[in-house]
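Participant: Sequence:
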Amino acid sequence: MSVSKEENTKSSQYSYDVDEIFYSELIKRLPEWENGGKPVNQAIELECKALLFLEARLLDDGKFDDWLGLFTNKCLYWIPSTPGGGDPRKEVSIAFDDHRRLEDKVFWLQCGFAYAQTPRSRTSRIISNIEIFSCAKEEEVKIRSNFLIHEFRQGRTQTFAGWYGHRFHQQHGKWKIALKQVNLIDADQGHENLSFLL
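If you read the sequence shown in our numbering, its first letter stands for residue -3, the second for the next number, and so on.
For the record, the hints were derived by calculation from the structure and aren't laboratory data. This one's a predicted model, so the numbers in the text were calculated from it and none came from an experiment. Check before you lean on any hint, since a few could be wrong.
Taking lysine-lysine pairs in the DSS-like style, the calculated list, with each CA pair at most 27 Å apart, reads [stated by the list, open to error]:
no.: 1; residue 1: K170; residue 2: K86
no.: 2; residue 1: K133; residue 2: K34
no.: 3; residue 1: K133; residue 2: K101
no.: 4; residue 1: K59; residue 2: K70
no.: 5; residue 1: K59; residue 2: K34
no.: 6; residue 1: K45; residue 2: K34
Here are the simulated distance ranges between beta carbons [claimed, not checked]:
no.: 7; residue 1: W29; residue 2: E134; range: 32 to 40 Å
no.: 8; residue 1: I126; residue 2: R85; range: 35 to 43 Å
no.: 9; residue 1: S89; residue 2: I126; range: 19 to 27 Å
By construction, the Cβ of each residue, glycine as well, lies at the ideal position given by its N, Cα and C atoms.
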């Protein structure tokens, strides 16, 4: 539902970017992850891989402000509960965060009162099988990769596996993350509180 400026007196209740058009475009483009595409040139491939690896390192190091700086202002961090995506208008998502919600999440992780992250999770993530393809828009690429995340917290280790779907947009000569879709292999199974960033 789109909200007018007059109605939007409490901005914390609304998203400026996630509206029916946003949802429709997201659902329409889901099949793209099953198809390849035209590979990008080597220079773009190296830049995009560097951004993927930087994102992983910042998350493992707990540098969440720097991590948030990798995203475009209009972005989405999505962990569907349906393998491959589903329809977030009709199905519950594990996470469905625009930039404003990510700002809240980063603040929460750093405020000292996030008891589900006290002590903070220690993570180590591995990214592999990276495929990078051009999109219809010249300033956009899509990236599919596999991930394996080991999380240690309070004497317990857990492992999370699946594949990432990233869309990078080029802004002022730099690639930024416009979409991060985290597809857990067990997305449709029960999960404890996923209080750290995947």
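Participant: Does each hint hold? Answer for all of them.
Facilitator: Evaluation of the provided hints:
1. K170 - K86: 35 Å, violated
2. K133 - K34: 12 Å, holds
3. K133 - K101: Violated, at about 30 Å.
4. K59 - K70: Since the Cα atoms of K59 and K70 sit roughly 21 Å apart, the hinted pair holds (cutoff 27 Å).
5. K59 - K34: At roughly 34 Å apart (the allowed maximum being 27 Å), K34 and K59 break the hint.
6. K45 - K34: Holds, at roughly 17 Å.
7. W29 - E134: 32 to 40 Å: 20 Å, violated
8. I126 - R85: 35 to 43 Å: Distance hint for I126, R85 is violated at roughly 30 Å.
9. S89 - I126: 19 to 27 Å: Since S89 and I126 have Cβ atoms about 24 Å apart, the given range 19 to 27 Å holds.
Checked against the numbered hints listed earlier, the structure breaks hints 1, 3, 5, 7, 8; every other hint is satisfied.
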